[in-house]
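Novice: As a plain string of letters, each chain reads:
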Amino acid sequence: GENVEQHPSTLSVQEGDSAVIKCTYSDSASNYFPWYKQELGKRPQLIIDIRSNVGEKKDQRIAVTLNKTAKHFSLHITETQPEDSAVYFCAARSNTDKLIFGTGTRLQVFP
Amino acid sequence: NAGVTQTPKFQVLKTGQSMTLQCAQDMNHEYMSWYRQDPGMGLRLIHYSVGAGITDQGEVPNGYNVSRSTTEDFPLRLLSAAPSQTSVYFCASSYRRQGATGELFFGEGSRLTVL
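In order, the protein sequences belong to chains C and G. Position in the first sequence (from 1) plus 102 gives the number in the numbering used here. Position in the second sequence (from 1) plus 21 gives the number in the numbering used here.
Below are the DSBU-like pairs computed for lysine-lysine, each with C-alpha atoms no more than 35 Å apart in a straight line:
id : chain 1 : residue 1 : chain 2 : residue 2
1  : C       : Lys173    : C       : Lys160
2  : C       : Lys144    : C       : Lys173
3  : C       : Lys139    : G       : Lys30
4  : C       : Lys160    : C       : Lys124
5  : C       : Lys144    : C       : Lys124
6  : C       : Lys159    : C       : Lys170
7  : G       : Lys30     : C       : Lys124
8  : C       : Lys139    : G       : Lys35
9  : C       : Lys160    : C       : Lys170
10 : G       : Lys35     : C       : Lys144
11 : C       : Lys159    : C       : Lys139
12 : C       : Lys173    : C       : Lys139
13 : C       : Lys144    : C       : Lys160
14 : C       : Lys139    : C       : Lys124
15 : G       : Lys30     : C       : Lys144
Some chain G residues judged to face chain C by a derived CB distance under 7 Å, without partners named:
id : residue
16 : Gly63
17 : Leu64
18 : Val71
19 : Gly123
20 : Glu124
21 : Phe127
22 : Glu129
23 : Gly130
Rather than coming from a laboratory, the hints here were simulated on the basis of the structure. Just so you know, these numbers come straight off a predicted model, no measurement behind them. Even for Gly, the Cβ is constructed at its ideal location relative to N, Cα and C.
Model the full structure from these sequences, guided by the hints.
Specialist: Rendered as structure tokens:
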């Protein structure tokens, strides 16, 4: 079945540094790759997404890259701030509409 | 516009009891789904639906039933609760039509404890 692996499980960075989270997916028919941020005690919320016909997408300090050949995609956060501290989830949607999530990365940004 | 509404927010059950988690959305979303969230295991898909009258299994469907009689509602039933079903449950919905964003909107979550 479909599987999404996410690394690392925890990531600590100094404020102002960059953070990178990587995911791989197993279903080559996957066509949509969103990233969600979940703050403590809250529901996950979409921060950025990319479709399979695009290689990179940016939104201010956040960018996502997709390598369809290698079946992996990454989230890049530049100039990190304490409010970026949260759990981040990647996900992949198959052509059966299932959205499968990775296991999450806990990002801590230290002032 | 309430978005995705889940009830109850908290529930304690004894092993073997049954219950239903309710989920309703008012955004006319075709796609609805249920996830469970456990520490270190991310969000795992239980069941999903692409429209009224259509449901399908996700990654961890055993012990759970769903139905989709209307576009708005997607209840999750636990027929005989087990301690392994202690978790936080999220209902989520999105548009599915061509050209729409795939953004999944989540409910606030339901924390279930099975003793």
